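These protein sequence lines map, in sequence, to chains A and B. The first sequence begins at 1 in the numbering used here and counts up by one. The second sequence begins at 1001 in the numbering used here and counts up by one.
Because the hints were derived from the structure by calculation, they are not lab data. Please note: incorrect hints may appear among the correct ones.
[To be verified] Residues from chain A shown here face chain B by an in silico Cβ test under 10 Å; the list is partial:
hint, residue
1, Pro32
2, Lys34
3, Ala37
4, Tyr39
5, Asp53
6, Gly59
7, Leu62
8, Ala64
9, Asp66
10, Tyr76
11, Pro122
12, Ile123
Nothing here was measured: the structure is a model prediction, and the numbers come from that model. Virtual Cβ for every residue (Gly too), placed ideally from N, Cα, C.
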Amino acid sequence: MASYNTNDFKRGLKVQIDGDPYIMVECNFVKPGKGNALYKCKLRNLLRNTMLDRTLKGGDSLEAADVTEIKAQFLYHQQGMFVFMDSVNYEQYELTKEQVDEAWKYLKEGMECSMVLFNNKPISVSPPNHVVLQIEYCEPSIKGNTATNLTKPVKLETGAEVICPAFVGIGDLIKVDTRTGEYLERAKA
Amino acid sequence: MSKQPNDFLPTASWAHLRLRAELLARTREFFATRDFLEVETPLLSADTVVDRHLDPLAVTLPDDPRRPDVGRKLWLQTSPEFAMKRLMAAGGEAIYQITKAFRAGETGTRHNPEFTMVEWYRRGDSMAAGMELLSELQESLLGWGPAERLSYAEAFSKHAGIDPHQSTADELAQVASKRGIDVSESFGRMDRDGWLNLILSHLVEPHLGQSRPTILHSYPASQAALAQVQGDPPVAQRFELYVRGVELANGYHELIDPQVLRERNRATNAHRVADGKPALPEESRLLAAMEAGLPNCTGVALGFDRLVMLVAGAENLADVIAFPIDRA
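Same shape as in the complex, but just chain A (with noise of 0.2 Å):
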């Protein structure tokens, strides 16, 4: 099994810790008072989303954890499963809704997105960073009252809300940012 030296440390490093696997969201290098190398890390648990805290000396080494990353297109959603199938070799996996987490607001059937294998199964999955999804509905605007009523929030067609500016409609198109949930811009159809 390949592993990583605290040389190697970064922040993005997936690594195996008591079989679960983690990201390294931090690692700060210390050295209090002339001493040994410490290597400050926090860790998030890529099945659990906790986080971890740990120290490590200069010299020690984490296991890499067996995660890849693939590109798969979302099928369906059906009782609370959410089916993806691998764009290369079609191989097809089913995600709960705790694994998909916040992506669900932004899947569309036919949507091609990122995810995340440890030991060939799925643990996560992450939209395309820009999607454009339909308003299914959202309250008319008001004419004459822009200046008070700047934003309103919206329903898209996956069922997730976003707050937009007044000024769109049922039936547009609109861009959304999947990373911050924010509003882009309207989209041409």
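Starting from the known structure of chain A, arrange chain B on it as the hints suggest.
The following block gives chain B in isolation, referenced to the frame of chain A:
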């Protein structure tokens, strides 16, 4: 270290580079008004500090340019300590320099393998006098008032509830575990000093220099490095300046007995070998200078890049160094 089209640019802003220049000028002015002589010593030396946790970079001086890897090996200095003490032994009264120092494997938000150090020595200074001068310098550069003095024992008692001089490695490990410090399994083989450093970094350092600059002094005898050891229980005449949790300077009431240094070098090399690192040369021209007579003096080294970072209100050394190692 991907080559990106914009990575020729400095990581520090022009405002920070101007601040750097201003602080360099003010440092020189501080020492000039106190009759310190500015000196220059070589970056490359046949000698190097023997320290368990400092790893020097070696440079080859090739005899034949067609075989650049074959030739005499010199060390890039980890600090100008040896050369400056040789000047002190040769009659120096009060000397300082602003120079580059190099340390392998030290990269992070507060470390760069090549960095700028301000180092000074004054004949006749006790540890108390050395701390006073350091306090004056930091006050004139930072402007956050004089530094409070706090002993290593007081700091550990206050922030970790343990006596750093009497406690065993097991007792220190228990404090770390009780305070929820999660460590890798390899800490099981750690000695007392390793646990002290862990507790220092997690429980003590974050509190140091917060309301005003703090000089932590009287270190465990096992961490004396090149400082004298005195008192009962014996403590190292060593001190460090902390400002807002950042370790800024390290000073010693200097060890002058060559025999003691020989013993420490031997013990340190034994530790290095046990740690899987190469031993470093134990004989040096510093030892020769100490045999001839190093005067009673106190010396301090200050990390200039960190000082600029603090004055700039920055969090990362890259904000105050034009080209840190990734862009060097």
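These are the hints, each one checked on the structure:
1. Pro32: Hint holds; Pro32 (chain A) Cβ to chain B Cβ min 4 Å, cut 10 Å.
2. Lys34: 6 Å, holds
3. Ala37: 7 Å, holds
4. Tyr39: Status holds, d = 9 Å.
5. Asp53: 6 Å, holds
6. Gly59: 7 Å, holds
7. Leu62: Nearest chain B Cβ about 8 Å off; hint holds.
8. Ala64: 15 Å, violated
9. Asp66: Since the shortest Cβ distance to chain B is 20 Å, the answer is violated.
10. Tyr76: 39 Å, violated
11. Pro122: 28 Å, violated
12. Ile123: It is violated, given that the least Cβ distance between Ile123 (chain A) and chain B is near 23 Å, above 10 Å.
This entry does not satisfy hints 8, 9, 10, 11, 12, going by the numbered hints stated previously.
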